[in-house]
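Every letter in the sequence shown is one number past the one before it in our numbering, and letter 138, counting from 1, is 138.
If you are wondering where the hints come from, they were derived from the structure by calculation, not from laboratory data.
Misleading hints may appear alongside valid ones.
[As the list claims (entries may be wrong)] Below, in silico cross-link-like pairs of lysine-lysine (DSSO-like), each with a Cα-Cα straight-line distance of 27 angstroms or less: (1) K113 <-> K372; (2) K175 <-> K198; (3) K317 <-> K49; (4) K49 <-> K73; (5) K171 <-> K95.
[Unchecked claim] Label-pair ranges, simulated between beta-carbon atoms: (6) P126 <-> F226: 19 to 25 angstroms; (7) N105 <-> A404: 42 to 48 angstroms; (8) G137 <-> G51: 34 to 40 angstroms; (9) I101 <-> Q136: 22 to 28 angstroms; (10) K317 <-> K175: 55 to 61 angstroms; (11) Y350 <-> D151: 31 to 37 angstroms; (12) E11 <-> G116: 25 to 31 angstroms.
All residues carry an ideal CB built from backbone N, CA and C; glycine is no exception.
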Amino acid sequence: MNKTAMINEAEGLLEFIDASPSPFHVVGNIKKELNGYKELREGEDWELKAGKGYYVIRNSSSIIAFRLPQSLKAEEIKGFNITAAHSDSPAFKIKDGGEIIVEDNYLKLNVEKYGGALMAPWLDRPLSIAGRVFVQGKNGVEEKLVNIDRDLLIIPNVAIHMNRDVKDGYKYNVKTDLQPLMCAYSPGGKPEKGILYKLIAKAAGVRQGSILSTDLFLYPRVRSAFLGADNEMIAARALDDLECAYSLMRGFIAGAAGKDKGESAGKADGGKKAGIPVCCIFDNEETGSLTRQGADSDFLHDTLYRITACMNRAAGKECDVNESLMRMLAGSFMISADNAHALHPNHPEYADATDRPVLNGGVVVKFNASQKYTTDAYSHAYVKGLAKEAEIPVQTYSNRPDIAGGSTLGNLSGRHVSIPSADIGLAQLAMHSCYETAGTYDIGYLIRLITRFYEC
Numbered sequence: 001m002n003k004t005a006m007i008n009e010a011e012g013l014l015e016f017i018d019a020s021p022s023p024f025h026v027v028g029n030i031k032k033e034l035n036g037y038k039e040l041r042e043g044e045d046w047e048l049k050a051g052k053g054y055y056v057i058r059n060s061s062s063i064i065a066f067r068l069p070q071s072l073k074a075e076e077i078k079g080f081n082i083t084a085a086h087s088d089s090p091a092f093k094i095k096d097g098g099e100i101i102v103e104d105n106y107l108k109l110n111v112e113k114y115g116g117a118l119m120a121p122w123l124d125r126p127l128s129i130a131g132r133v134f135v136q137g138k139n140g141v142e143e144k145l146v147n148i149d150r151d152l153l154i155i156p157n158v159a160i161h162m163n164r165d166v167k168d169g170y171k172y173n174v175k176t177d178l179q180p181l182m183c184a185y186s187p188g189g190k191p192e193k194g195i196l197y198k199l200i201a202k203a204a205g206v207r208q209g210s211i212l213s214t215d216l217f218l219y220p221r222v223r224s225a226f227l228g229a230d231n232e233m234i235a236a237r238a239l240d241d242l243e244c245a246y247s248l249m250r251g252f253i254a255g256a257a258g259k260d261k262g263e264s265a266g267k268a269d270g271g272k273k274a275g276i277p278v279c280c281i282f283d284n285e286e287t288g289s290l291t292r293q294g295a296d297s298d299f300l301h302d303t304l305y306r307i308t309a310c311m312n313r314a315a316g317k318e319c320d321v322n323e324s325l326m327r328m329l330a331g332s333f334m335i336s337a338d339n340a341h342a343l344h345p346n347h348p349e350y351a352d353a354t355d356r357p358v359l360n361g362g363v364v365v366k367f368n369a370s371q372k373y374t375t376d377a378y379s380h381a382y383v384k385g386l387a388k389e390a391e392i393p394v395q396t397y398s399n400r401p402d403i404a405g406g407s408t409l410g411n412l413s414g415r416h417v418s419i420p421s422a423d424i425g426l427a428q429l430a431m432h433s434c435y436e437t438a439g440t441y442d443i444g445y446l447i448r449l450i451t452r453f454y455e456c
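Model the full structure from these sequences, guided by the hints.
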């Protein structure tokens with residue numbers, strides 16, 4: 001692959017991350033990229049047309065985009081080509097009305113942990129606030145995106161003189177150690193409650209008194225950057241999993257559109273049946289995906305069902321939609337994309353004896369004998385075949401047998417849409433830190449793999 005093009009893709013990712021400080025901003029920015037795609041609403045009738053692209057959003061933090069082929073003839077459609085990543089990352093959520101005055105001289109915010117964050121990296125660095133607010137508007141309740149785009153908060157460490165135990169390892173307590181400081185005594189006077197909503201209202205462009213409720217998160221203000229002697233590494237917040245979300249979006253747009261060029265109606269290369277491209281970005285993976293917008297919800301199944309029903313109507317069919325959907329699912333495949341642990345330079349002993357992915361080593365296929373990752377021999381072979389066609393390198397990852405790992409989107413969505421699936425990702429260091437490290441060139445590899453997946 002062209003080195004300059006791959007660096008450009010990495011630059012695009014870093015710009016995307018810096019512009020996406022919350023899951024709501026992630027989905028909003030993906031929506032902007034879907035030029036020519038029509039938004040559908042779950043509470044309205046859908047009328048879909050051959051060759052057109054669409055997307056549907058749930059909770060403003062999850063999005064499913066898809067594109068219909070040029071022909072809706074059943075004999076030319078194989079099933080769905082689905083990819084999935086997630087929009088959320090470990091963070092701290094601000095409790096509604098969560099201002100705390102400390103001895104009339106400080107104002108701090110009451111936060112709770114969201115997901116499995118590494119605690120220590122959040123301390124002693126500039127932070128700010130982003131998310132959404134609901135306000136009372138002229139026509140009812142309205143939703144507004146919010147980003148207080150400046151250095152605003154800090155979580156100060158306790159000096160080592162007062163906490164000698166920190167040298168030997170320290171267990172941070174969210175209630176006592178991780179409440180961010182927003183105001184201190186100044187010549188302007190003592191801090192008073194209400195300043196948070198005042199700042200939020202200004203950022204949202206609304207009256208302070210119109211705010212009804214909030215979904216607000218802390219985020220680190222350190223900008224994304226290239227690192228390394230040859231800029232071969234990137235560092236950013238939320239690489240898990242915005243690196244995959246961005247790559248899926250880019251591959252979906254390129255592959256879904258490219259399939260329409262020079263192909264016979266609805267068919268992929270070589271005269272084979274085409275798969276309908278579907279790209280899913282789900283929220284709440286870091287907390288188990290158990291929400292109505294998570295991978296373990298009905299969002300994907302209901303969307304596929306409605307696509308199938310609309311296709312039947314457009315093709316003049318009167319057959320049972322459930323039966324049609326079952327036939328479609330029998331020819332479908334999912335790629336679940338969530339980052340993987342890279343071999344650590346200071347602790348190589350944590351890696352498995354044989355599965356030791358590295359930065360810039362290519363797309364990582366993830367395995368687990370208990371199927372916490374969905375990859376099996378069939379889906380592994382399928383991904384390796386795609387990678388060979390796309391001319392990109394592939395690595396493998398599994399947990400060291402005596403170290404437990406987590407799970408991700410594939411097996412959770414599989415409870416509702418049971419199709420062959422592979423779990424993949426890109427190698428990264430410091431997963432679940434508020435500032436993570438990955439390889440510059442891996443982004444281009446994943447985009448190229450996903451583009452090929454959607455083309456065929």
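Here is how each hint holds up against the structure:
Distance check on the hinted pair: K113 and K372 sit about 24 angstroms apart at the alpha-carbon level, within 27 angstroms; holds. Proposed proximity of K175 and K198 is supported: the alpha carbons are some 24 angstroms apart, at most 27 angstroms. Taking the CA atoms of K317 and K49, the gap is near 15 angstroms; set against the 27 angstroms cutoff, the hint holds. For the given pair, K49 sits about 13 angstroms from K73 by alpha-carbon distance, which is consistent with the 27 angstroms threshold.
Proposed proximity of K171 and K95 is supported: the alpha carbons are some 22 angstroms apart, at most 27 angstroms. Between P126 and F226 the C-beta distance comes to about 20 angstroms, which sits within the given range of 19 to 25 angstroms. In this structure the supplied range 42 to 48 angstroms holds for N105 paired with A404, their Cβ-Cβ distance being about 45 angstroms. Checking the proposed 34 to 40 angstroms range against G137 and G51 shows it holds: the Cβ atoms sit about 37 angstroms from each other.
A hinted range of 22 to 28 angstroms holds for the C-beta pair I101 and Q136, which are about 27 angstroms apart. Restraint check, K317 to K175: a C-beta distance of roughly 59 angstroms satisfies the suggested window 55 to 61 angstroms. At about 34 angstroms, the beta-carbon gap between Y350 and D151 stays in the expected band of 31 to 37 angstroms. A C-beta distance of roughly 29 angstroms is found between E11 and G116, which places it inside the suggested range of 25 to 31 angstroms.
The structure agrees with every numbered hint stated previously.
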